[in-house]
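Taken in sequence, the protein lines are chains A and B. Everything in the first sequence is counted per my numbering, starting at 91 for the first residue and increasing by one. Everything in the second sequence is counted per my numbering, starting at 3 for the first residue and increasing by one.
Note that these hints are calculated values from the structure, not bench results. Watch out, some of these pointers could steer you wrong.
[Claimed, not checked] Derived pair list, reagent style DSS-like, types lysine-lysine, alpha-carbon separation capped at 30 Å:
1) A/LYS659 / B/LYS350
2) B/LYS478 / A/LYS192
3) B/LYS393 / B/LYS62
4) B/LYS365 / B/LYS62
5) B/LYS292 / A/LYS192
6) A/LYS776 / A/LYS152
7) B/LYS92 / B/LYS108
8) A/LYS132 / B/LYS368
9) A/LYS402 / B/LYS368
10) A/LYS192 / B/LYS365
11) A/LYS776 / A/LYS831
Computed from a predicted model, the values in this text were never measured in an experiment.
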Amino acid sequence: MNWSLHASLWLCVAGTLIVPRGFAAEQAKIDFAREVQPIFIKRCYECHGPDKQRGNLRLDLKTDAVRGGKSGEPSWIPGDSAKSHLVQRVTSTDPDEQMPPKGDRLTTEQIVALKAWIDQGADWPEEKPHWAFSKPERPPLPAVKDSRWPRNAIDHFVLARLEREKLSPSPEADRATLIRRLSFDLTGLPPTIEEVDAFIKDRSDDAYEKLVDRLLASPHYGEHVGRAWLDLARYADSNGYQVDLARSMWPYRQWVINAFNRNMPFDQFTIEQLAGDLLPNATLDQKIATGFNRNTKTNDEGGGDDEEYRTKAVKDRVATTGTTWLGLTLMCAECHTHKYDPISMEEYYRLYAFFNNTTDRGNNTEPSLAVPAPPLHNKVNFLHERIAAVRRQLEDAEKSLPAEQQAWERRITGKATVWTALHLTNAISTGGATFTNLPDQSLLAKGVNPTYDTYQIEAGTDLGDITAILLEVLPDPSLPKNGPGRWSQTGNFILDEFGLTVLTASDEASPEPIFFANARADWEQQYYRAEHAVDRNPKTGWAIGPKFGQRHFLIAQLKEPLSLKAGAKLGFRFDFYHGNNHTIGRLRLSVTTEKDPEALWPLPADMADLIAIPATQRTLDQKQQLAAHYRTVSPAIREMERELFRLNQREAELASQKFTTLVMKERDEPRITYIHERGDFLAKGKEVTAGVPAILPPLPTDQPANRLAFARWLVSTENPLTARVTVNRLWERVFGTGIVKTSEDFGKQGEAPSHPELLDWLASEFMESTHAGFDSRITHHASRIAPHSWDIKHILKLIVMSATYRQSAAADDERLEQDFYNRLLARGPRFRMDPEMIRDQALAVSGLLNPEIGGPSVYPEQVPNLWKELGFLRPEIGMDEWPTSEGPDLYRRGLYTFWRRVCTYPPFATFDAPSRDVCVSRRPRTNTPLQALAALNEPSLLEAARVFAQRIMLEGGPSPTGQMEFAFRLCVSRPPTRAERERLIAFYEQQLKSFERDTRSAEELLNHGSAARPANLDVRRLAAWMMVANVLLNLDETITKG
Amino acid sequence: MNPVELEKLKFITRRKFFQQCGTGMGALALASLLNEKLMASPAASGTAPVAGPHFAPRAKNIIYLFQSGGPSHLDLFDYKPELVKRNGQKMPDEILKNIRLAQIGKDAAVLGTNYQFKQYGKSGVWISELLPQLTTIVDEVAFVQGFYSEAFNHDPATLFMNTGAQLSGRPSMGSWFSYGLGSENKDLPAFVVLTTGVGQPLTNHAWGSGFLPTVHQGVQLRSQGEPVLFVSNPQGMGPERRRQSLDALRDLNQMRYDVLRDPEIATRISAYELAYRMQTSVPDVMDISKEPLAMHEAYGTTPGRASFANNCLLARRLVERGVRFVQLYHRGWDHHGGPDGNLVFDLKKRCLETDQPSVALIKDLKQRGLLDETLVIWGGEFGRTPMMQGKLQPDQIGRDHHPHGYTVWLAGGGIKPGIVYGRTDEFGFYAVEDKVHVHDLHATILHLFGLDHTRLTYRFQGRDFRLTDVHGEVVKPLLA
C-alpha cells in the first residue's frame, strides 16, 4: 500500500476517536446485517468461516464469534471498540498482526463501521429466517382507497403500494395498444389489422377476456412461452465445446411447445423433464422430455478427459436446477460452502448425487432415442413444386437447343483441339505428398496424405498470348473411392485457391502474380462453386460432391493474355486449407490461346470427329450423340440439370432421414458420489448420498432417493421456492422485471421482492387454484402427485387481466423521477422485444411468415462463410457452411433457427440472445449501434421490407395516404398521427422522386431475398415503399412491446 | 461509477434538460447531448467506463498478439542445452509424476532443439535463429519465462488465457476492459478482434462478453466481406439515401418520445446515429491501401489480402483511433509432428508470418510515441513438451501441449523493458523461479490500466465475478 494513503487512513480513523461523545448518538445505528456482516463475509470468512477456522476463530456464528479465538479473549467488548481485539487487528500496522493478512487493508469506511457498531453495543440480532425459505402463505388482500380501480387481486397489492408512495396508476391504454401488447405477450406475434378492428369494434363487456382466451388458445402461445423456457433449458443444436458439432435435439423443443400448448400442469412438466424416464411405463414423450438435462455440453476434442466433461455436465445440471426451480445459486457451493445462503459443500454434492447416476458421457452424445419423423409435407411439396418448375424451364430451354447447337458448331469449327496439355515439373507439396508424372501428362499425388496442403507445380510452354487454363481432375484406382480427391471417405477435394504466377529464369525477380477473370466447371458442389477457387478468398473453394470417382474440369480465364519471356515458366499454386485431407489426387493442366470463351469447353475426340461430318450426312445415332454432348456444353442446361440433381437428392434424403434426440438413462449400477475437494473432480473427498439441503423441507421417505423423488420434491407444495420462482418468471416476461428482480437468485444476495405479498399471493394461487385447461386424457398414465393445479395459463391470464397490466406505458416527470425503472408499476410495461420477436414480426407484417409449428431446426438467410472459421459442423459430410434453407423454411419463426453455441445466429446474438452454453434466467436488454446496423441491414429483414412493400402496394388501397395508414397499422396496430403520416409521405415522395431518376438503384435495392416479386408492380414505387418499410420496421415503437 | 449511480446521473441530467427545453426539443440535440462521454449509457454506446479506473493508469491501449495452438517455447525463447544433451533419452520419472499429458505417453523421448540460439541485448536473452527480427528489439521486451497455465487442451486453455476460466461463459479480458474503462473513440467499439491462419478451430467464446452486457463483447473485424457484420448499406441504398431514411426514422421516434417520454427512445435515437457514423469510420480504419510504401515494406503487408502482417498494421491504426483493446489471433502453432504441424516446415512458416510484423508493430508504435501507452503481448495458450511427439524426420517431428512452464513476452505500456523474468527448470518443463500464473498476468495487465483486479467485479447469479476469479497477484518486478 502507498504510504501516504496509509497515513491518511490513520488520520481518518483517529478522527473518529476524538469526536465528542454525542456523535455516536447522532450517528445512525449501524445495521449488523447490512454493514458489518458483509465485511466478515468478504474479508474474514475465507479463514474464519464455515469451512476453515484459523486460530479457532469462527465469525459466521454469533456465539463462536463473540467467544473469540485461541487467545481466549473475546473478539470485541461491546461499547469499547478501542479495547476490542477485532479493531486492534484490523488497524494494526504490524505485518504479523494485521488482518486480513492478504490483499488490501479494510477501507476507512469499513473500519469506521466496525468501530461504531462495537461502540453502539455490538448488536448482533438473531437472524430472521430469510424470507424465501419459508413457505408462502396466501396473504389477505390489502385495503385500498380507490376501490374502483382494481380488477383482480393483483391490483389490490399494486395499488396499496402506489397509494403508500403517493402515486396514482396510469389510465388504461387504448385498445390498439392493448391488443398489440397482449398478442406479443401471449403469442410473440403482432395482431392483424382485422383482429385490431374486431377488438376495437367489440363493445361487449367481456371483449377483453375473449381476446385473452383466444390468444391463450393459439398454437403460437406454446412457441412463445416455450422459447423463454429454452433459455433456461440451455437448448441448442450443437455440442458446445470447441469444435461444437451438430446434435439432434429438436424433439425436446417440440415437446416443450406441445406441453405449453396443452397447458401441462407445471408439476408434471417438471417431473417429466427431470425424471420422465423413471416414471412407471414411461412413454416416448416422457423420455423425450428428459432432454432438458441432456442439453448439457459435450466435448468433441481428442484427448479430453471423459470423466472431466461428464462431471462438468452433472454440475451444470445442479446449477440449472438451482436457477430454474429454486432460484438458488447452488453452483456457489461447488468449491466451498456457500458464502451467503445456507448451502454447505456437502449439501451441494448430495444434490449432485441425484444427477450422477446416468449413463451419458463427457466425450460423446449417447444415449439417444429414435423418434418418429416430423411432418415433412411442406418441405416435400416445396421440392415437388421446384422440381416441376425447373423441368418446365428445362423443356422451354430445350426447344431452342437445336438452333443453339448449330450456332455453337459454327463457332467451334476448326477449333476442335484448343487445349495443349502442359508437361508438369518440379511439383512440390508443402504437406509432404510426392508426385508421379503419368504418360497422359497428368500428375498423381502419393505418399503422405496431409490434412492441409499447398501444391506448387511448374510448367514451361512455347505458346504466346495464353488466354485460359484448363484444370482437369481425374479418377485413379490408387485414390480413395477412385478419387479424384484424397479424402478417404468420398474421394472429394476442396480447392480453396488456384493461383498462377510467372517464374522468371533468374531468382532475383519475385514471381509475378497473374489474375483470373472468372472460372467455370463442368460440375460444382452446392456452396462450392468454381469461381470460389479464383476469388482470392481462402475460405471458399471448388468441390465436386457428390459426383465422385469421375473426371471433372475447371476453366479459368486470364484477365490479360499472357506470353512468357524466354526461360520463364508458369508457376501453379493449389491451396487446400480446408482440412480432412481435402486435396486433389490426380490432375492435368492445359493452356490455350483461343479468344472465344464459347470455344473453350473441352471437346472429346469422338465429338470432334462427329462435328467434322457435315450435319446433313450424320446418322441419327450420331446426331443424338452430338446433341447429348451439347447439353453438357450449354451453361443454361447445365445449371438447370445441376439444380434438378440437387432437388432430387434432397428429396431422397428427406425420405430416408432418421430422427433422434438425446435422453437421460439411469445406470443399473449406482455410481458412488464423493465431494470434489476445491471443486476438482480428481480430488475425491468424503462419500455422500443423494439428499436435499437442510434449510428446505425433507425429501419424502416413502420412495428411493433418486431423480424422480427429487423432481417430486421440487414441486411439492411444501417447497417454499419453486412456485415463487415460477410465477416471478411469468411476471418478468410480461412486465420486463420480476417482482424479485434477480429472478435467478432468491437467496440472501438476491434483490428483495418489490411486492412480497403479491408474490406470495400469486405463488399460493399457482399451487392451489382449480385446474381447468389441461386435457388429462392425453396424460392419464402420468402419475400426478399433487392434487393441485400448477396452472400456467391461469396465472398468465390473471396477470394480463389485471388493471395493472392494462395501464398506458406513457411516463411523465413525476413517474420518472419517483420510479425510473417502473418497479412500482404506476404505468404499463414497455421494453424492447427479443430478437426472435423482431424477426417474427417482420415476417408476419410482410406476409412471409411460415406459421408451421415444430420440426427440425432451419437455416434462414445468413452472412456467408461465418462457419468456415469454426471448422466443420458435420465432418462426416464435410459440411462447414451454413446450409441456407430454401422455400418456406426460410420464413419460419425465430425459435426454429439452428442454434450453434459457438456462433449464435448473429442478428440474435447482437440483440442479447444468450449462447445457451448455460442456463440463463433473464436476458440483458441493451440498446447498441450494432443492433441498429443489424435491424437496418440484415438480409432477411431487408427481404421482409421488400415483400412488405409489395404487400403495401397490393393490399393498401389506391392512395398513398391509405397505403401509408395500412403499412403503419401493420407494424404498430394504431393509425399514424397526422404529423407521423405527413413525415412518412414526405419521405416516400422524396424517395420516389430519387428512384425515378435512378431506376438502377431501385432494381438493386429490390434484389434482396428469394421470395417472389409480382412483375406488375412499378419498380420505382416499390423501391420507395421498400425504403418506407425499412424505416417502419426500425421504429422504436415497432421493436418495442409497449 | 457503479451502474446505479450512472443511471441516476443520466436521469438527473436528462431531467434538467427536460426542464430547460420543455417537451418539443429536437431529438438530435438530445441525442448529441446523450452522446457526451459522461452521459453515454453503457447500453447506448459502450463508450463510458462502468467500473474504473481505480488509480492512475500506466497504459491506455493493449494489443494482444495471441498465437493460437501453442508455440514451442523450447525452439523459440527458452534455450535448454540439457535437452540437447539428453536427446532421445527418457525423461526422469520424478518430473513426470502427477502429470497428465494430452496425446503422448510418459515414455516419450527427450527432444533437444535443432535450432541455433544466441544471446541478445542487455538482458542477454537467448533467441532462436527462427526469430531474427525479434533480436533487434529485445531491449524493449520483457520475456516472462516462468509463465504457466493449467489446461492442456486447446479450447479450455484458450479460454483460460482469455477469460480466466476453462469453461466457456465467462467474459473475456477485452470485455472486462470495455466494461471497466470504456472506449476512447465514440465511432468504434472498445474491443476489436482480428483472426488469421488455419488450424485448431477458434470459438468466439474467447472474445465473448459472457454474462457482461453484449455491448462489451469483442467485435470481430473481418478481412473479407463486410468488416463488421451489417455495417454496409444494402445494394441500391447509398449513404445519402441511408441518411434520408435515418432522418425520417429519427423524426418519427422523436414524435413518439414526445408522447411517451420513455428515455429508452432517446437512447435508441443516439444508437442509430452512432451506427451511421460507424458506417464510415469502420471501413476507413480497415483500408490500409493508403499507408505509405515504407510502412507496407516494414510490416510485409499486402492490401486486400488476409494476413497476420495486415492485422498488425490494422492494430496500430485501431489503437491510434482510440480502440482500447485489439486482439489478434494467429492460428497454426499446434505442432504435434506430421505433415500439417511439425517443428521444421510449419514452425518456420509461422515464424516467417509473425516475426517481421510483430517487430514492425513495436517499432512503429515506438516511432509514433505510442509504445509507452500501448501494451503489446505475444504468446499462446500453452507451450510444448520437452519430449518429442511424432518421428525423427523433418515432416514428422513435433511436441505435445505443455502448460507447466513456457514463455510469453510483453512490451510497452508500463512494462519494464529489456528483462528476462523467471525461468523454467533445466528441462524447460516446470516454471521454477519467479513463476507467473495466468491469473497473475491478468492481474498485472489490469494493474497497468489502473484497475484493481479484486475490485473489477460484476454480479452474476448471485456472485461477484472477477477476471482473476479468486486468485492472481500483480507481478511488480515486471512494472517499469
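Here is what the structure says about each hint:
no., hint, in the structure
1, A/LYS659 / B/LYS350, "27 Å, holds"
2, B/LYS478 / A/LYS192, "16 Å, holds"
3, B/LYS393 / B/LYS62, "46 Å, violated"
4, B/LYS365 / B/LYS62, "18 Å, holds"
5, B/LYS292 / A/LYS192, "53 Å, violated"
6, A/LYS776 / A/LYS152, "28 Å, holds"
7, B/LYS92 / B/LYS108, "9 Å, holds"
8, A/LYS132 / B/LYS368, "43 Å, violated"
9, A/LYS402 / B/LYS368, "46 Å, violated"
10, A/LYS192 / B/LYS365, "40 Å, violated"
11, A/LYS776 / A/LYS831, "37 Å, violated"
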